[in-house]
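Based on the provided sequences and hints, a complete structural model is requested.
Residue numbers (the working numbering), protein chains in the order written: chain A, 1 to 245; chain B, 1 to 309.
Don't take each hint at face value.
[Claimed, not checked] Partner residues are not named here, just some residues of chain B that face chain A (Cβ under 7 Å, in silico): (1) V84; (2) V101; (3) L105; (4) G107; (5) L217; (6) Q221.
[Unchecked claim] EDC-like cross-link-like pairs, simulated, lysine to aspartate or glutamate; straight-line CA separation at most 20 Å: (7) B:K150 to B:D173; (8) A:K86 to B:E97; (9) A:K86 to B:E100; (10) A:K15 to B:E132; (11) A:K86 to A:D243; (12) A:K86 to B:E132.
If you're looking for bench data, these hints aren't it; they were derived computationally from the structure. C-beta: ideal position from N, C-alpha, C; glycine also.
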Amino acid sequence: MSLIRVLHAETLKLKRTLAFRMIFVAPLLVAALQFMVVWNQRRPGADFNLWEMISKASLSIWAVFMLPLLITLETALINGVEHGEKQWKHIFALPVPRHAVYAAKFLTALALAAASTLILCALIVVVGLALIRLRPDLPHAGAIPFVWILKHAAFVWLASWLIIAIHIWVSVRWQGFALALGAGISGTFFAIFAAAARVGKYYPWLLPVNVFMEERFTMALLLGAVGGLIAAVIGCVEFVRRDVV
Amino acid sequence: MQKYAVETCGLTRRFGAQLAVDDLNLLAPEGGVYGFLGPNGAGKTTTIRMLLGLIRPDAGEVRLFGAPLAADRLSLMRMAGALVESPSLYPHLTGRENLEVTRRLLGAPRGLIDDALGVVKLAQDANRRVREYSTGMRQRLGLALALLNKPRLLVLDEPTNGLDPAGIHEMRDLIRRLPVEFGATVFLSSHLLSEVEQIAGHIGIIHQGRLLFQGTLAELQAQRREHLVVGVKQSEQAMRCLGAAGWGAQRRDDGLLAVSAATPDAAARINSLLVSQGMEVFHIALAQASLEDIFLTLTGGRNETRRAA
Numbered sequence: 001m002s003l004i005r006v007l008h009a010e011t012l013k014l015k016r017t018l019a020f021r022m023i024f025v026a027p028l029l030v031a032a033l034q035f036m037v038v039w040n041q042r043r044p045g046a047d048f049n050l051w052e053m054i055s056k057a058s059l060s061i062w063a064v065f066m067l068p069l070l071i072t073l074e075t076a077l078i079n080g081v082e083h084g085e086k087q088w089k090h091i092f093a094l095p096v097p098r099h100a101v102y103a104a105k106f107l108t109a110l111a112l113a114a115a116s117t118l119i120l121c122a123l124i125v126v127v128g129l130a131l132i133r134l135r136p137d138l139p140h141a142g143a144i145p146f147v148w149i150l151k152h153a154a155f156v157w158l159a160s161w162l163i164i165a166i167h168i169w170v171s172v173r174w175q176g177f178a179l180a181l182g183a184g185i186s187g188t189f190f191a192i193f194a195a196a197a198r199v200g201k202y203y204p205w206l207l208p209v210n211v212f213m214e215e216r217f218t219m220a221l222l223l224g225a226v227g228g229l230i231a232a233v234i235g236c237v238e239f240v241r242r243d244v245v
Numbered sequence: 001m002q003k004y005a006v007e008t009c010g011l012t013r014r015f016g017a018q019l020a021v022d023d024l025n026l027l028a029p030e031g032g033v034y035g036f037l038g039p040n041g042a043g044k045t046t047t048i049r050m051l052l053g054l055i056r057p058d059a060g061e062v063r064l065f066g067a068p069l070a071a072d073r074l075s076l077m078r079m080a081g082a083l084v085e086s087p088s089l090y091p092h093l094t095g096r097e098n099l100e101v102t103r104r105l106l107g108a109p110r111g112l113i114d115d116a117l118g119v120v121k122l123a124q125d126a127n128r129r130v131r132e133y134s135t136g137m138r139q140r141l142g143l144a145l146a147l148l149n150k151p152r153l154l155v156l157d158e159p160t161n162g163l164d165p166a167g168i169h170e171m172r173d174l175i176r177r178l179p180v181e182f183g184a185t186v187f188l189s190s191h192l193l194s195e196v197e198q199i200a201g202h203i204g205i206i207h208q209g210r211l212l213f214q215g216t217l218a219e220l221q222a223q224r225r226e227h228l229v230v231g232v233k234q235s236e237q238a239m240r241c242l243g244a245a246g247w248g249a250q251r252r253d254d255g256l257l258a259v260s261a262a263t264p265d266a267a268a269r270i271n272s273l274l275v276s277q278g279m280e281v282f283h284i285a286l287a288q289a290s291l292e293d294i295f296l297t298l299t300g301g302r303n304e305t306r307r308a309a
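What follows is the structure, given as structure tokens:
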């Protein structure tokens with residue numbers, strides 16, 4: 001019950017925020033990029049498949065780069081509003097259990113990531129249809145792979161829970177954007193090096209993109225989603241015990 | 001039997017090696033304004049944070065309306081409202097939306113928002129963003145957040161901090177009305193005696209984490225009169241001499257001595273004692289009612305009893 005009350009309050013706090021606008025901006029950037037890439041394709045090869053290309057490429061860029069950065073930004077923003085005027089002390093003096101406050105932050109971040117990923121799915125379809133119309137010279141594209149897109153979008157999202165849990169904890173724990181952004185950017189940056197290494201299988205920032213690799217798929221989902229939930233619980237326990245000064 | 005809205009027993013809290021609050025026993029009776037007085041850094045905010053369950057005491061316990069806070073914080077917090085230090089507002093939301101956030105967290109009825117806006121006289125500006133609010137308006141909105149749930153206990157930490165004289169006056173009027181109109185108990189902290197004096201019926205004075213005085217305003221005023229300020233060129237010698245004669249004496253920042261005595265008779269005796277010892281007295285007067293003097297009298301008085309014991 002109290003969790004629903006806190007979530008209800010969270011939705012109002014998003015009003016007029018960058019956090020809300022970013023769930024549209026981030027997928028738009030990826031879709032626009034994808035559109036440009038295909039638009040500039042001079043001579044597509046015989047095996048060119050429009051739908052496969054734009055859905056796979058868009059979701060991969062999303063998974064490896066844009067989603068982790070979006071998570072960094074969203075968590076820093078939704079927790080940043082509580083640090084600005086020390087809102088924690090007000091919230092914790094209300095008859096609301098602290099674990100509900102933490103859970104609501106985590107769920108809000110999950111929902112924002114889900115919403116943004118869904119918007120990307122819709123934009124992939126829009127970009128595909130636009131390209132079919134604007135580039136009639138491209139090979140016949142076939143049916144829209146709705147199921148493939150939605151299924152893989154869901155995998156990417158599930159595998160990103162661990163990053164979300166880490167970022168919620170970091171941005172709740174320390175105020176100011178610098179540390180939260182630093183963690184997100186270095187996490188994404190080191191992913192470039194970790195990708196080829198064996199450790200890449202377990203590296204949190206690579207898990208979303210690992211769902212596209214057969215040998216890493218299971219670990220990505222398990223560590224991402226289940227590990228994310230466990231990390232969120234650990235973060236919550238730490239949060240509940242802390243002094244609010 | 002007297003009922004207490006706030007009661008602490010042996011409340012203690014350290015930060016590292018520093019003892020921020022030391023064995024504090026507060027008793028704030030229900031249905032009035034309790035002024036919690038002390039200089040900055042005395043432990044007021046730490047105490048208030050413990051009253052609200054924001055930080056945990058190292059020892060001792062907090063009771064609100066007779067019930068231990070540690071056992072059932074959530075249901076006790078339903079009866080309390082708080083404004084700790086500066087108000088916690090979301091600048092990108094309007095005044096009304098800020099109240100709505102807290103209303104949702106409380107699960108309280110919608111009608112309470114207009115009531116609270118009315119009490120703090122913000123109905124006119126409710127739909128403006130808080131970013132555009134003046135300090136006084138922000139402080140009033142902070143009070144509205146604390147009042148939203150019609151609390152039986154209102155905890156206000158330095159509510160007039162940063163306000164201009166008109167704002168202070170307005171806030172003071174508001175606080176004074178609360179016990180009368182809503183039957184609420186107000187627990188108010190301040191570093192200004194003059195402020196507390198005008199609204200509080202009961203007063204607790206905290207200094208270096210310890211409670212120096214607790215009682216009614218009348219009792220405090222009685223303490224305050226027993227206080228002389230003495231100026232002597234040989235102040236070290238005078239302190240020893242007065243101490244030996246049984247008067248507690250403390251040196252103030254300005255070099256004058258605060259002596260825990262205040263009858264004309266005592267003033268005359270102190271004067272002749274010091275002069276007879278060859279000291280040069282250039283000032284003897286009744287103390288002005290500054291908080292610093294009260295502290296000195298109170299700490300001086302305590303030293304005296306310790307010596308007597």
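Hint by hint, here is what the structure shows:
| no. | hint | verdict |
| --- | --- | --- |
| 1 | V84 | holds, 5 Å |
| 2 | V101 | holds, 5 Å |
| 3 | L105 | holds, 5 Å |
| 4 | G107 | holds, 5 Å |
| 5 | L217 | violated, 27 Å |
| 6 | Q221 | violated, 33 Å |
| 7 | B:K150 to B:D173 | holds, 18 Å |
| 8 | A:K86 to B:E97 | holds, 18 Å |
| 9 | A:K86 to B:E100 | holds, 18 Å |
| 10 | A:K15 to B:E132 | holds, 17 Å |
| 11 | A:K86 to A:D243 | holds, 13 Å |
| 12 | A:K86 to B:E132 | holds, 19 Å |
Of the numbered hints given earlier, the model fails hints 5, 6; all others are met.
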